[in-house]
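Peer 1: Let the hints inform the model, and build the full structure from the sequences given.
This is what each chain is made of:
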Amino acid sequence: MLPATVRYRWRRQAAGYAFTGPALLILAAFLLYPIGYSVWLSLHEWDGYTPRWGPFVGLENYRALVADEVFWRAALNSIVFVIVRTPLEVGLGFLLALLLNRRLAARSLLRTLFFVPVVMSLIVVTIIFQRVYEPNTGLLNTVLHAVGLGAWAHPWLGDPATALPAVIAVSVWKNVGFSLVILLAGLQGLPQDVMEAARVDGANAWQLTRRVITPLMRPILALTALLSIIGGLKVFDLVFIMTRGGPTYSTEVLATMLYREAFELNHMGVASAVAVILVAVVLSIARIQALVLRESREIEAA
Amino acid sequence: MGTVTDRREAHGGARAMSRRRLLRLGVLAATAPPVVLRARRATAQIGGAQPTPAPAPAGELKNPAEFRGPKIKASGPTTLSFWQYVGFHVEVQKFIAEEYKRRHDPNLSLEITAYPGLNEQRVGVKSALAAQSPTPDIIAIEPGAYAVDVSTSGSVLDFTKVFADDPEYKRGFWPNALDLLTINGAVVSVPAVTNTVIVYYNRSVFRQHGLEVPNTLDDLKKIGATLNAKGIIPIAYPAGQDRNFPIFPYYTYVGGIKADRLLREADLGLKPWTSPELVAGAEFVEMMAKSGLYAKGPLGIKEPDAIQIFATGRSAMFWGGQWMRRSIRAALPPGFDLGLFPFPAVAPGGHKPVLSSVGITLTVNARSKQPDLAFEMIKAITGAWGKIEYTKNLGLSPNGPISADAIAYQMQSLKDPLYPEFLKLQPTGTTRVIFTPVVEEAMTQGMQALITGQKTAKTVMESVEAASQKVGTRKFRTG
Numbered sequence: 000m001l002p003a004t005v006r007y008r009w010r011r012q013a014a015g016y017a018f019t020g021p022a023l024l025i026l027a028a029f030l031l032y033p034i035g036y037s038v039w040l041s042l043h044e045w046d047g048y049t050p051r052w053g054p055f056v057g058l059e060n061y062r063a064l065v066a067d068e069v070f071w072r073a074a075l076n077s078i079v080f081v082i083v084r085t086p087l088e089v090g091l092g093f094l095l096a097l098l099l100n101r102r103l104a105a106r107s108l109l110r111t112l113f114f115v116p117v118v119m120s121l122i123v124v125t126i127i128f129q130r131v132y133e134p135n136t137g138l139l140n141t142v143l144h145a146v147g148l149g150a151w152a153h154p155w156l157g158d159p160a161t162a163l164p165a166v167i168a169v170s171v172w173k174n175v176g177f178s179l180v181i182l183l184a185g186l187q188g189l190p191q192d193v194m195e196a197a198r199v200d201g202a203n204a205w206q207l208t209r210r211v212i213t214p215l216m217r218p219i220l221a222l223t224a225l226l227s228i229i230g231g232l233k234v235f236d237l238v239f240i241m242t243r244g245g246p247t248y249s250t251e252v253l254a255t256m257l258y259r260e261a262f263e264l265n266h267m268g269v270a271s272a273v274a275v276i277l278v279a280v281v282l283s284i285a286r287i288q289a290l291v292l293r294e295s296r297e298i299e300a301a
Numbered sequence: 000m001g002t003v004t005d006r007r008e009a010h011g012g013a014r015a016m017s018r019r020r021l022l023r024l025g026v027l028a029a030t031a032p033p034v035v036l037r038a039r040r041a042t043a044q045i046g047g048a049q050p051t052p053a054p055a056p057a058g059e060l061k062n063p064a065e066f067r068g069p070k071i072k073a074s075g076p077t078t079l080s081f082w083q084y085v086g087f088h089v090e091v092q093k094f095i096a097e098e099y100k101r102r103h104d105p106n107l108s109l110e111i112t113a114y115p116g117l118n119e120q121r122v123g124v125k126s127a128l129a130a131q132s133p134t135p136d137i138i139a140i141e142p143g144a145y146a147v148d149v150s151t152s153g154s155v156l157d158f159t160k161v162f163a164d165d166p167e168y169k170r171g172f173w174p175n176a177l178d179l180l181t182i183n184g185a186v187v188s189v190p191a192v193t194n195t196v197i198v199y200y201n202r203s204v205f206r207q208h209g210l211e212v213p214n215t216l217d218d219l220k221k222i223g224a225t226l227n228a229k230g231i232i233p234i235a236y237p238a239g240q241d242r243n244f245p246i247f248p249y250y251t252y253v254g255g256i257k258a259d260r261l262l263r264e265a266d267l268g269l270k271p272w273t274s275p276e277l278v279a280g281a282e283f284v285e286m287m288a289k290s291g292l293y294a295k296g297p298l299g300i301k302e303p304d305a306i307q308i309f310a311t312g313r314s315a316m317f318w319g320g321q322w323m324r325r326s327i328r329a330a331l332p333p334g335f336d337l338g339l340f341p342f343p344a345v346a347p348g349g350h351k352p353v354l355s356s357v358g359i360t361l362t363v364n365a366r367s368k369q370p371d372l373a374f375e376m377i378k379a380i381t382g383a384w385g386k387i388e389y390t391k392n393l394g395l396s397p398n399g400p401i402s403a404d405a406i407a408y409q410m411q412s413l414k415d416p417l418y419p420e421f422l423k424l425q426p427t428g429t430t431r432v433i434f435t436p437v438v439e440e441a442m443t444q445g446m447q448a449l450i451t452g453q454k455t456a457k458t459v460m461e462s463v464e465a466a467s468q469k470v471g472t473r474k475f476r477t478g
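Protein chains in written order, with numbering that gives the first Met the number 0: chain A, 0 to 301; chain B, 0 to 478.
What the hints contain is simulated information worked out from the structure, not anything from laboratory work. Every value quoted in this text rests on a predicted model; they were computed, and no experiment measured them. We treat Cβ as the ideally placed atom computed from N, Cα and C, and that holds for glycine. There is no bait here: all hints are sound.
Computed list of chain B residues with no C-beta within reach of chain A, every gap over 12 Å:
1) Gly58
2) Val85
3) Lys160
4) Gly184
5) Gly394
6) Gln411
Partial chain A-side listing against chain B, Cβ under 8 Å, derived:
7) Asp46
8) Thr49
9) Pro50
10) Arg130
11) Asp158
12) Pro246
13) Glu263
Peer 2: Written out as structure tokens, the structure is:
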């Protein structure tokens, strides 16, 4: 017979496991198993059609990736995507949040307008922007011609030099509203007494923003940035619909490379290796995100 | 249109056919001797000649072909699943399936799933096949790499036995189309339609500026210069549509110099991609990109954009496929005088290359629980009666010869003067298919690099050859 305290602890833990069990099972079936399966597949050769995977090839798929210049191109593009998108998305979101945090007549309307792209279907957004960027009749070039800047008119998506920036611009336009909402919520939660004290001390708007608001908002800014980084690394649909990674791999990112290797070239092993690398990177960043969140909670508690 | 001699040469020369014989093939296909079929098998073209439509008599015509009943019927209520990727084909497929049910097999229904595009459908099919699913029973596949994938993995059934049991059904297809779908000796799928890539043009703009349909590349360049001087874009070319479009000019040139068989051999790893003819194809792509003939930034232009440019009169020509006919018609304003012509001869004295291929093709899942019924349904859709209904509905070219009466019947409801034009061009078609996925990818990227001026023709073809060599000996043969 077990002692009463042990039985009590076991009963308490059993109840906990019973409540979390279904969720853990779902997590294991739909997250852990696919990740594990992808790792396993990345060590094999498989065309994706036959019911059984092909021979075990060890790290050969990873070696092939390292030697593949398209992989490095895709990795670089993913990094550029993140490096360019995140500051723009968070920076613009912060500026707009500061603006909308003031007492403006059309504040609610503006907030809604900035958030509309976030809730719009991505397919619709990409189709609209394809037409905007169309070199001959597209809105952007038409406007440039109309304002006397015809020399700047350009085949935006058809030129490898401008295709990636053009896609990033759409991504920023689509997601800036999301950053705005998070940051606005953060601004509205800032301690008013601190702000008031700064104003009493004679801080002007710029000083208030730079010396008080920004430091207080740092954890939320970091969180928004991390969400943007993860979103940027995972980007697939936008690129795939707009350019399919082209022209000449100029917009190829890791996720589109993964798709191409898996479903167009039938290299499921290589595609799985790309997936494993991508998951590893995203998980690492998610870990950083968790640390940042913990830090923010500690700051709040202090 | 090419001359008789051109066409003779275009058919491979092994057993050159006169126009009269080509026309006879259309009418007398059912009695054509096997030797003719074997001779045509050596060619790379897809399609054949159709007869001139008979003058339509008064009154409503009927489909002159017999809708033959199946050899096997469902013993109880049965639903076949069919996954395809061309939304605008659903209506006619449904119509034929319902007629089949009404006339021949009341227990058999067809459930069609139309994916939004080929990529989505291919992903779905791949997952189903890998999971050994008996669904779908019928699968739509593209010729080329897709056909190779499903065939070499043993995922689909061979039509050889079906053809052996019903030789008349087999004779209903263009032999060269079946050739394109024959992998390692097995007929992987059968085509529902054939189609071409041609140049649509705005007749009014041509008339207004005194332009004639070009016969040679020089003619086309002159037309381009005239139109550019008037502020009209010569050709809307949607090179950004998918990964096959950037290769169209290449196929065009290679077909135009009758090197399409060489292309196929290179595709199969039997000849180098760096041979002078194939490098010349890349030079042609480069030249076209720099010629000022295309609307600016072709790689940033998708099909709807190009159609809009053409329909609004911004461009005088549109280089596209027969399958776009409906979208183009839908976009054109009333009174738009639409015409078409084959791409002009790319070499002096050469023929006019019309890219041609089978359209959607149908096959049976090797794990289907009703393979015989699935074959019967495919026979209904692609057989003598079905093909006339199918192409009447869509204005695409049939998968094989049909009679003059059948064309007259189709024209009664189609009322599209372009349809007979497409039929006329079909026999002059040249390939636009690559079987090896890695090579196709290298070609797509290479052609994009040529269009954007990033690489030279020689370096592009060297990189294609490197990709081809990396694949090594192919595990499949075609035809």
